[in-house]
Every structure is written in C-alpha cells, then in structure tokens.
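Undergrad: What follows is the residue order along each chain.
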Amino acid sequence: MLINCAAYRSGVKVEDFSPYDEATLGRHLSDPDTFVWIALRDTTAEELQPFQRLFHLHELAVEDATHGHQRPKVEEYGDLVFAVMHLVDWVDADLSIGEVAVFCGPNFVISVRSGSRLHFLGVRERCEREPHLLMQGPSFVLYALMDAVVDRYFPIVDQLESELEEIEQSIFTPGAQLDNIKRLYELKRRLMRLRRAVAPMLEMLSKLHGGRVPLLCSRTTEYFRDVADHLARIHAAIESVRDTLATAIQANLSMVAIDDSAVTKRLAAWAGIFAVATAFAGIWGMNFEQMPELKWAWGYPAALGLIVSVCGLLWWRFRRAGWL
Amino acid sequence: MLINCAAYRSGVKVEDFSPYDEATLGRHLSDPDTFVWIALRDTTAEELQPFQRLFHLHELAVEDATHGHQRPKVEEYGDLVFAVMHLVDWVDADLSIGEVAVFCGPNFVISVRSGSRLHFLGVRERCEREPHLLMQGPSFVLYALMDAVVDRYFPIVDQLESELEEIEQSIFTPGAQLDNIKRLYELKRRLMRLRRAVAPMLEMLSKLHGGRVPLLCSRTTEYFRDVADHLARIHAAIESVRDTLATAIQANLSMVAIDDSAVTKRLAAWAGIFAVATAFAGIWGMNFEQMPELKWAWGYPAALGLIVSVCGLLWWRFRRAGWL
Amino acid sequence: MLINCAAYRSGVKVEDFSPYDEATLGRHLSDPDTFVWIALRDTTAEELQPFQRLFHLHELAVEDATHGHQRPKVEEYGDLVFAVMHLVDWVDADLSIGEVAVFCGPNFVISVRSGSRLHFLGVRERCEREPHLLMQGPSFVLYALMDAVVDRYFPIVDQLESELEEIEQSIFTPGAQLDNIKRLYELKRRLMRLRRAVAPMLEMLSKLHGGRVPLLCSRTTEYFRDVADHLARIHAAIESVRDTLATAIQANLSMVAIDDSAVTKRLAAWAGIFAVATAFAGIWGMNFEQMPELKWAWGYPAALGLIVSVCGLLWWRFRRAGWL
Amino acid sequence: MLINCAAYRSGVKVEDFSPYDEATLGRHLSDPDTFVWIALRDTTAEELQPFQRLFHLHELAVEDATHGHQRPKVEEYGDLVFAVMHLVDWVDADLSIGEVAVFCGPNFVISVRSGSRLHFLGVRERCEREPHLLMQGPSFVLYALMDAVVDRYFPIVDQLESELEEIEQSIFTPGAQLDNIKRLYELKRRLMRLRRAVAPMLEMLSKLHGGRVPLLCSRTTEYFRDVADHLARIHAAIESVRDTLATAIQANLSMVAIDDSAVTKRLAAWAGIFAVATAFAGIWGMNFEQMPELKWAWGYPAALGLIVSVCGLLWWRFRRAGWL
Amino acid sequence: MLINCAAYRSGVKVEDFSPYDEATLGRHLSDPDTFVWIALRDTTAEELQPFQRLFHLHELAVEDATHGHQRPKVEEYGDLVFAVMHLVDWVDADLSIGEVAVFCGPNFVISVRSGSRLHFLGVRERCEREPHLLMQGPSFVLYALMDAVVDRYFPIVDQLESELEEIEQSIFTPGAQLDNIKRLYELKRRLMRLRRAVAPMLEMLSKLHGGRVPLLCSRTTEYFRDVADHLARIHAAIESVRDTLATAIQANLSMVAIDDSAVTKRLAAWAGIFAVATAFAGIWGMNFEQMPELKWAWGYPAALGLIVSVCGLLWWRFRRAGWL
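Chains as they are written, first to last, in the working numbering: chain A, 1 to 324; chain B, 1 to 324; chain C, 1 to 324; chain D, 1 to 324; chain E, 1 to 324.
Chain A on its own, in the form it takes in the complex:
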C-alpha cells in the first residue's frame, strides 16, 4: 500500500506525486539532481513489480521485502543498496517485531514497512526541514530511516533495564523467589528478542562505515558511524542486562536455597523442642508401679517446671544460634 511519494531536488521537495504515474516519475528520474522517495507498507510482489522493472531491483531483494521474516541486513546489488531492519514495539505488554526494507539507488529510495504500527512520517518531515542535509541524496534518507529505527530501540532497552532493576529490588526478599524467577525468565525472553534485532544490524552497519563502503554511501559514512555507535550502546546495554540476568538467576536460586535452609533450621528447632517435651511426658506416663515421684505432692508442678525449663533452654540456645 502506498503511503506517500515525493521528488526532491537539491534537498527541497519538488512535488508529491503517484509513483505509478510513469510519465511524472520518468521526468524526475531523468533529472540528475533529483531523487524520488517512495514509502510503502505491507506490499505484495505485484505492487512492487513496476518499481522492480524500472529501478532494476534484484528479484531476491524484492522477495525479501515482500515475504518478511528476514534478519536485519545490508546487501549490495550492483550499485544499489538493500537494507532490512527490525521494528521493535510494545504490543500488549510483549515485544512485537515488524520489518522495514529499504531499496536505495543513486536517484531513488523505496521503503517498505510491514507488520508494525510504527511509521516514519516524522522522518520525512524532519528531513524536509533540513534541505542542506537532505541534498546529500538517497543515502541520507537511508541514514534518517536507520536512525529513526534505532532511536526506537532506546526506550525499549530502558524499559527492560528498569524491569531488571525492579526485580532486583525484591531479589533478596524472602518469599518472592517464585515470582522473581518467572519475571527473570520473561525478561530474558524479551531481551533475546530485542537482541535478535540489534546484533545482526550492528554487524551489518559495519559495512556502511569504515572499510569498503558502497559508493552510494561514501559521502554519509560519518552518519552511519553515528548510528552504529548508538546501536553499539544499545548492544552493550543488552549484553550487560543479559550478564546481570544470569547472575540474578543464580542469586535467586541461592535465595531459594537459603530460604529453604532457614525453614529447615526452624523445623529442626521446633521439632527438637516438642520432641523433648513429648519424651519427658512419655516417661512419666509409663505404668511402672514403683515410680516414687508420681506420688510426691509437688511432683506434677515440678515435672511441668522441668519440661518448660528444658524446652526454654533449648529455645534460647536455638535462638542464639540463629535458628529461630
């Protein structure tokens, strides 16, 4: 589905037009100072076909853009650059992954978004407000789109970090272990999902700055380096959360064991105290005929006193040992 399409000369918008109007499109493409920027979403192969023929898009790239479920990548097909990025968004308290594919040639840029509600209208507006930057051509648009995609990762990684911090608050709280392990596990899953968007994109971005850069992007390498740097920060944050998560899971297991051990101690202590009481009572409950103390007037209170004293002594000792 077409979102919008416009032609830009020297960074300034010339006109909005329908890219399916081949005459207008042809006129713009024949002007060497002009490039067209076409934004599509949830596109079928049929919708892309006219562009494929006109811009010589490689069939494999078109397949990738329409089929979806690609991993983030940057590929060169001749003098064209084809990029796929993941759009990560919160949907119903879980991370949902969409995609945006960008075809970028000397005088055109086509973006195809799919499976996500995130849009790039703001990117176009901002670009149009800065003609001195936009006049660098399609590769600047590619940068602007990448930058927008990466900027949307920041709040997500922040959210994951603050979730971790929240769990950390209760990690040493007795009795919260079951809840904690569930939340840690869920957090790990989300983190891995985000990581699968970030890690290959970081790898791919290294093709656009430093080393051998596609000719198309040679004037904007500093911008791509900046995106790569932001992404590296996100990646470092993810790795850090991941590492801390692993430690938190171990700490949680330790806490379960410590908690269990405390209960075992308490159980041992009370069981001991009552076992003593029961044993003493059992002794004086025996039916021997010759048990002189049973006949003493103060036998019963003395027995009770003895039992209470022994139990009290045990209680005090267990208390001191930290078992109670």
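If you're looking for bench data, these hints aren't it; they were derived computationally from the structure. Backbone N, C-alpha and C fix where the C-beta goes; we use that ideal spot for every residue, glycine too. Warning: the hint list may mix true and false statements.
Residues from chain A that keep clear of chain B, each with C-beta distances beyond 12 Å, as calculated [unchecked claim]:
id : residue
1  : Ala6
2  : Lys13
3  : Ser114
4  : Leu118
5  : Glu163
6  : Arg189
7  : Asp259
Restraint ranges, calculated between C-beta atoms of paired labels, are given here [said to hold, decoys possible]:
id : chain 1 : residue 1 : chain 2 : residue 2 : range
8  : D       : Gln136    : C       : Asp79     : 38 to 48 Å
9  : A       : Leu118    : C       : Lys13     : 46 to 56 Å
10 : D       : Phe154    : C       : Asp79     : 33 to 43 Å
Could you slot chains B, C, D and E onto chain A? The hints should help.
TA: Leaving out everything else, chains B, C, D and E in the frame of chain A:
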C-alpha cells in the same frame, strides 16, 4: 543408483539420457553451451568411477561422496567445486541426518544423495520452469540444491522453537519439573544435531560469496549470499533457542527448589501443629497422683479446647506466613 | 560553563584568555606554533556553537558532547579527532558515571566534562610543568586527559578487588551466605558498570596506536600505547574479578547446600534419639494387664537406664559419623 | 630405536638400508628423484645426532622430538617442516597420550614415535602399494602419517559418544544420580584429554592448506585439507559432546533435587499420617476422670475406626496430590 | 641494585665491569661486535638514569621498569625492544608475583628484576657456555631470559594440576564436600593468578615471531616461536584445569545434594519406623475401659511382637529401596 540425468542448453532441457551412454554424454560435453545434470543416490565407488575418470573428479572428493558421514563443506579442486550438505529430516519423532554431495564443474553437475528420504525432484522441475535463471549454468543448480536443503531446515527449527514454547507453558507449573527437564534435555540434543548441520554450512557458504569466490560461482554470488542469509537466520534462531534452553534449565532447577521449599514449609507447619497436640496430650497422660485438673468435671473438654485452640492459632499463623 | 582557557606556544603558556573573545582567539590560531586549550563543563549546544563554527566541529560530535550518555569512543571527522571517555567516581558508596568529551584539532583542544565532580585542573598544571612534552601539541593534551581518566580507574578496581577479598574471607563461614550473596550481587553490578566504561575505551584506544593512526596523533602513539596498556591491565583485573565472582557465587550456593545438609543431619540425629525415647516410653505406657516388668521394684530405674543407654549409644554413633 | 628405513625413487622402494650407513645414505640423498624415509621410536638425542648434522635439523626441533610432552604443532625451519602430533590410545580403560614427531625435508622424512604402542607399519605398506601417490614425495608421507594419526581419533571419539549415550539412558532413572555424576565427570576428563590433542592440531593444519603453505607441501595441500576436514569433524563431535555433557550435569543436578523433593514429600506425608494417629491416641490416653467416651462399650472400636478413617483420608489426599 | 655486568664480543665474555664506569662502557659500546649485558634488581629511577640517557631508553619504559605492577608486554620504542614478564613463585604456599623488565637494543641488554627471589644467574652461565648461540646478540639474551621465565611456570602448573588431581580423589567421598569446595576455590584463585601472567605474555610473544617482527629479533624468531610454543602448552594446561575445575565445582554441588538426599531418605525411614512404633504404643496406651486385648494373658508379648514385626518389615523395605 541413478535418479535421472539430462542435458541443458541455454537453460532449456535438450534431452533425458543415460549418463552411462558415453557417446551421448560426450556429444553434450563437447558443446560449450550445454551442461549435464546427473542425480544419483546411495552410490558406490564403482558407480561413480566412470564419472570420476571423465570429469576428473578428485579421489578424495569421490571418497567423501561415497563414504558419507562428512561434515558440511565446500572445497575447490582445481576449477571444480565439491560441496557436502546435511539433509535433516524427522524420522520417528527424532532428527535423522542424511547427506547430499554435489560435484560442480564448468559443464556438469552431479548430485549424490545418501541416507535420507528427502529428494530433489522439485528442484529440477522448478529450475526447468525458469530457463533464464538456469542458463547461468551448473553453479545455479548448485545454488538451487543448497536453497532446497536450507529451506528444509526452516520447518525443523520452527518445530524446535514451538517445542520450547510448549515446555515454557509448563515451566512454572508445580509438579511438572521432572517432565520438563526430560523434555528440555531431549530438545537440547535435537538442537545440537541440527546445529552440527547448520554451523559448518554457514561457515562454508562464506567461501561462495564475498571475498575470493571460485571462478565457477562468480556469476551467482548474489544467490549464494541469499542462501547464506537464510542460513544465518536459522543459525540465529538455533542460538537463541539454545540460550533460552540454558535459562529454562536453570529456571526449572529453581522451580524444583522452590517446590521443595514449599513442601518443607508445609511439612514443618503440620509437624509443628501435631507435635504441640501430642505434647499437650502427653502431659495429661502422665500418671502423677496430684494432678488436680484431671479431676475437674469440665477438665477434659477444657483440655480438648485448649489443644484445638493452640493448634488453630498455629495453623492461622502458618497460613498467614504462607507456609500452608 | 567555561572552566579555563589558555594558549600555548612551543609548550609554554602564552596567556589565559576568554575563548569568547574572538580577536584574541583568532590571533592565537593564526600562529602555526600555537595551540589553544579550552576546558568546559556541563555545556549546552549554545555555548559550543561559536567553537563549532570556528573549528568546524561536526554537528554529530557536538550533539554527542552536549547530550551525554555516549559510550566511550574515538572518532575521526576529517583531520579532527573526537573522543568520549567515562569518568567513574564513588558517590554515596555507589559508582557514578560522568563523561568527558574531547575535540582535538591541529591547533586546538576542547574538553567538555559533564555529570561528574572529577576535574582536570591537575592535568593542566602537570602539562605546564613539562613544556618539552606539551610542545608535542594537542594530541599530547588528549593523551594527558586520557591518562588522567584511566588513572582514576585504578583505585576503583582496587576497591572492587578488595571488596571481593573481604567477601572471600567469609565465604566459607557458616551462616554468612545470605549476606555474601547480596554482597556478591552488588559487587557484580558495580563491576559491570566499570566494565562498560573500560571495555569500549580499550577497543577505541587501539585506533590511536598500532595500525592506521590519525595523522594528528602520529607523533604520540607511544603515549597512547601506554594508556592502552594501563587500561588493558584494568580490563584484565576486571575480567579476573568477574571470573572469580562467578566461582564465588557457585561456592556460596555450595555452602548454602552444605550448611543445609549439616542441619538436616543434625535434625535427623536428634529426631532419631528422641523418637527412640518416646517409643520406649510409649511401650511401657501401654495398659496391658500382664506386663510383668511394670511390677518389678527396680523396673522403673531399669527402664530409664535402658532409654538413656540407647539414646546415648545413638548419640555416640551420630557423633562419630559427624552428624552432631 | 630404529624401526625401519628405506629409499624411494619415483614412489617405488629402492632398498631397505641402515640409515647409519652413511655411504648408502649419501648415495640416495645425492639422487634428486629419491627420498629416504626413516622411522624411529623412543629416540635419545644421541641417536638423532647423525641425522641432525646431515639433514641440518634445528636443535630446537630435535629437542622437542626427544624430550616429548610437546603440544601438537607444525613449524617451519627454513625449508624443512617439523610436525608433532599426539597419539591417543586406550590403556587400561583410560586415554593414554603418546607423540610422534616428523621431520620433513625435500628428500627425507624422519618420524620419531614415543610413549605409545601405536605404530605406523600399515602406513608404509599402504604408501608402497600406491606409488603414483608416494611419488609426490616426503610431504605425501607426512600426509599419510597425519591421516593415520587422525583416523585413530575416530574410534575414540565414537567411544566417548557412546559412553555419553549410555549415561543418557540412565540420566532420568531415580537413584542413579551418584553413579551418573561420577561417570559424567570421568567422561569430561577424557574428553578434555582428547581435545588437547585435537584442538591445537586443527589449528596447526591450517598452516598446511589455504593461506601461505610451506613450499614443501604446496603440491599436497588438497590432502592436508582433507585431514583438516576429518579433524574438524572430530573437533565438532568433541564440542558437541562437551556441550551435551554440561547440560547432562545440570540435568543430573535437577534429578537429584527432584528425587530429594519426592522423598521430602513422602516423608511429609507419612509423618503427617502417623502424627495424626499419635495425637488422637494421645488424647484418649489422657487421665482425666470425666472422659465419657472411655466408658462406652463401643468406644474403643469407634476410636480405632476414627483414627483409621482420618489416616486413610489423609493417605488418599496425599496420593491424589502425587506425594505418595 | 647492580647484580652484574659484562661485555661480550662474538659470544665470548670480554670482561666484567661496572656499568657506571662510563669510559669502559663507552669503549665497549663503540665496538660494533660487542654488546653489554647489565643485570639489575629492585632499581630506582635514579639508578636507571645514566642508562636512560646513554641508551636513549624511553621515559615511559623506564617508568614501567621502576614502578612495577605492569602486565606482561613487549613494546617497541624505535629500534629498542622493551619487555616485561611476570615471575611466579611459591611463597608460603601461595603464588607470589614478581616482575622482570628487559631493555634490549642493538648492542646492549638490561634486565631489571623486582619483587621476586627468583634470579637469572644460571641463564648467564648457560649463555656463556654456548658462545655460538650467544653471538646472535642481545635478542638471544632476551630469548634466554624469556625461556628461563617460562620454564619456571612449568613446575607451578604441574603443581596446580596435581592439586586438582588430589581433590578429584575425594570429590565423590561423602562428607568431604566442604573441604573440597574450599580447596577448589583456592585452586581457582591460584590458577587465575598464574593465568594473568601467562595469557598476556602469550599474546605479546606473537609479536616476536610470525608477522612483522622487530628488526632486532629477526634472526632469533625461531627461538621466540619455541618459547611461545612452551607458553601455549602452559596456557592450554591452565585452560584445561580451569574447565575441569568448573565441572568439579558442579560435581561437588551435585555431591552435596546427593549426600543431603541420602540423609533425608534415612531420616524419613527411621522417622517412619519409630512413628509406627509410637503410634501403636499410643493406641494401647488409651484408657478405654473396653479394650479386650489388654486383658489377654499374652496380649503384651503379642503387641510387642506386632510392633517389632511391622517395624522390621518397614526396615526391610527401606533397606531394599536403598534408603537405609
């Protein structure tokens, strides 16, 4: 055993013929625009011998193709390319590994499949329907075979992912831990088996695109890059499942410990309650002569009431502490 | 906010002046043997604007310097070098991270510090005391600042190491496990925070010595190598603490389990001893008419003796088995 | 100690002779189409000295060959190649490590075996049966020796894999955990021993194929690549066993915990049942005068019935909860 | 502090002399076939100053040599090579780390040892006994020192390996777990300390053989490769111990759990047996009037017999189940 054999000129099938008919074969090979595509399965060294002589196949490659149990690889022998890939298939609810070896020269391609029911008839059909692609020659056939092999990994990795999700459903279910650890272990084993097919193939594919590419494959690097990209996706999915599996195993252990701890608490609580009852009963079961309460008319109901009250109080406190 | 600003000719300070006085600044910049060193802190984009125009600072670099929350990096923009480093400091017994950004050109160096109380006055003083070194120009100032930043990591890593050693003292102390796991977890978090400052900086420093070095820094590579070496030492120490921490967490879990096991044994032992006493007492508390021993004159003492003997025997055996 | 020695011209054996007979040796060495193959075992520095002088063997290589306890390696000394490989063998149900060192020059190959019963007589025989291969010279002999060494790793890794499978059979068997952890630990130790032979050899083999290859081996790189490929397969199998072992050890720990938890539950259940019985019996064992039920004719059977009913009810509930 | 100093011409000692005698030193340095070898220990900056001036030692290198606490490294300063190595020694049953710094120029070598009792007198003696090797100049001395340092790592790693083997003897011994975890932890700490000496040195040695080698060392690369090889062996041994240690710690935790589980079972068993006895005794201790069996002449022995029989049956069943 021969499956089929045909000669192709400019991407169009010329004729099916027996590769053991040397006259016909020689005629096709002498035509520079023609290549032959021979498909074999479960081949002995004897069956390969005529081709080895005719196409100058290296003895080490022939050995690998007939002996089986190779790891996935791509090797150059002079201007020939020799590739081995793993075919992964579900047999009796377990992963079974077969192999396909492909000899690829300037005017021939020989595929030798072994130890698997998966076949490539569909690949030949699809190639024949697209002569403009098939005219790129034997390296396109090599690509088509690789693509078919890799495409068959997708449902398997999807299956493993959904198995993991299924286990995740019950990972925090009390009492399911024994079952879960068994299933996690089994899943891990399958995953490792798939990984042994995927990881070396990913590595080997890097020889066919980017960097120094065999001359034979120089016109189809973009296709091999696409296969590599699919494989990288599968590999990332495997690594992700693997990482999540490790966390799941830890979470499972935590759950066992949490479950055990809950039982210990309950045990402690009930043991405490009954120990109190027994101790009180033991006290009044003593045989002292001077125990005035034993003579009171309402002594027995009062004692029972006291015991029940104390036990009830304990029960309430344990309940509140979450032990019961 | 401006901290200070001075011009240096051949390593000797010429004068302190306000960098916003464009005439003086222009005069110094026009002298090829002179460079200016401007120190700022917590700067807004507006404060940097005059310098951005005058020194042709790249907008992305200026953005990074004012926005903060960058990861440590070294970037070349044309013949300028832009570096960001993390300042790590103890604030309220926790690690606080600030930043310092340095713009370094052929005849100027601008440092922008933010979010930290750590300052670099000492660096300027020391540089001014060694004109023969300072005459190497702005890249020596860059080195001096880096060296100061890295030198401040040493006491922090030492502190973390000694915290670990302190925990190690009590790691095998029974009953200290809960405290230990908390401290180990806290230490791990601090360590990861320091690591996020050190690891990318180590990586970035490799751009300033060995391999292709920015022209600006070509005369001071040996100094940058020295900083890199210090940093590598810190990094190795961090990795070592990290590795030991992981082992300590495992050892702590083992200790909890060992402690729990000891308690279980003790519980088993005492429970066994009293269960025996209670069982014996219960036997002689039965109301059978024909129990001859109940009538024996020395029946009671004998029974008591038997109970004590059996219990004592059990006690002795449990003692010998190490359960008590 | 000398095993055997022969000269080969164009791949065909010329004669067996004593390498200490310098005249014969000299005659063979002066013929450019001839090379000599000397096999030694458990050699002292003295025995090697004549060859060291004659073939210009480097003193460090000679030291390595006689001292033993080297790690697998391939080193170039001028135009000579020196290789050390580990011989792994089962001795008394444990893995024993021996070594073979090979000096390889343009017209000679000397193999020195030490600390192992494994011999290479079969290698020489097989080489002599294939003169068209052996005529490739000393580097083919080096290949043949390496191939023989690596071929002997296969049954060992197979054995370790089947040991793992055997343990896996009983990993979820209750009560086998102690035995399993012992066997897993033992298996891990053996695996690490094999790995120390395989991993450095894999690394070293990359020097003999692909990249810069010693001149001596340039005609046989395809053979060395084949050995490397076999070794990579062994290495992958080792890593796979290693990874599965780690999971098995975790699964074993989970099983211990699950087993323990089951016992705790059963203990809790039976303790609860008998505590109830004892408490009830204790109640009616009290000596209050006014306990009307004691006087009822059917009091005793009713009490017994009540006790049995309550215990039965508990038993049934515990049964249903899976505790018994 | 000066240890000794001598001049060598063509590998033969010319004379011992004081390096502070500048006339003699100057005479030797002016002879192109002569080099001087100065050995110092625990040196202050002042002691090094004359050499710093004379041999143009870089201030950063001098700082490193006098300050200590460097990580192992090899650095080039112009045509000089500066190396720092760790000396590892047993002091009071713990590993103590000292350092040796070596300045190596075309006609001099200065070694500065600090913080260790290990000395290099034997190295000088051995070198002087082999003039044909020593005539290779200062880089051979550097090699000889490195070789001596590395040779001293071997007994340490052997000691750590045999400590591990000793612990392994008792790893499955019931009751030794507390001791084992302590020893494993201690071993891990020592291992990490050794590793911090070995790992960076291995990395640094790669600069002295293979790839771009400092001119000074170009004639002795084969010797440095040999040292690197020894070090790689030590490193592999360390990694192997480390890996086994991790498994041993896990196995130890399993053993604690297994041990605990065994105790729990035994506790459960005995508690069950005595609970049955107590319950039966409690039944017959009830005070119902109509309990016919109490009046039977053989009631008591029958009751005793029943109790013993039931307990015996339980004992036998628990025994068979492996709980006792």
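Undergrad: Lying within 46 to 56 Å: is that true of the beta-carbon distance A/Leu118 to C/Lys13?
TA: Cβ of A/Leu118 to Cβ of C/Lys13: about 54 Å, so the range 46 to 56 Å holds.
Undergrad: Determine whether the non-interface label on A/Glu163 survives the test: each CB of chain B must be over 12 Å from its CB.
TA: Holds, because the least Cβ-Cβ distance between A/Glu163 and chain B comes to about 15 Å, which exceeds 12 Å.
Undergrad: Taking the CB of D/Gln136 and the CB of C/Asp79, does the distance hold inside 38 to 48 Å?
TA: violated (56 Å)
Undergrad: For A/Lys13, is the shortest beta carbon distance to chain B beyond 12 Å?
TA: It holds; A/Lys13 is separated from chain B by about 34 Å at its closest Cβ, greater than 12 Å.
Undergrad: Regarding the assertion that A/Ser114 does not contact chain B, is the least Cβ-Cβ distance greater than 12 Å?
TA: holds (16 Å)
Undergrad: Find the nearest Cβ of chain B to the Cβ of A/Asp259 and say whether that gap is larger than 12 Å.
TA: violated (6 Å)
Undergrad: For A/Leu118, which was marked as not at the interface, is the minimum beta-carbon distance to chain B over 12 Å?
TA: holds (22 Å)
Undergrad: Please settle this one: A/Arg189 was flagged as non-interface, so is its CB more than 12 Å from every CB on chain B?
TA: For A/Arg189, whose nearest Cβ neighbour in chain B is about 7 Å away, the distance does not exceed 12 Å, so it is violated.
Undergrad: Would you assess whether A/Ala6, listed as outside the interface, keeps its beta-carbon beyond 12 Å of every beta-carbon in chain B?
TA: holds (30 Å)
Undergrad: Is 33 to 43 Å right for how far apart the beta carbons of D/Phe154 and C/Asp79 are?
TA: Violated - the Cβ-Cβ distance for D/Phe154 and C/Asp79, about 59 Å, lies outside 33 to 43 Å.
Checked against the numbered hints given earlier, the structure breaks hints 6, 7, 8 and 10 and satisfies all the rest.
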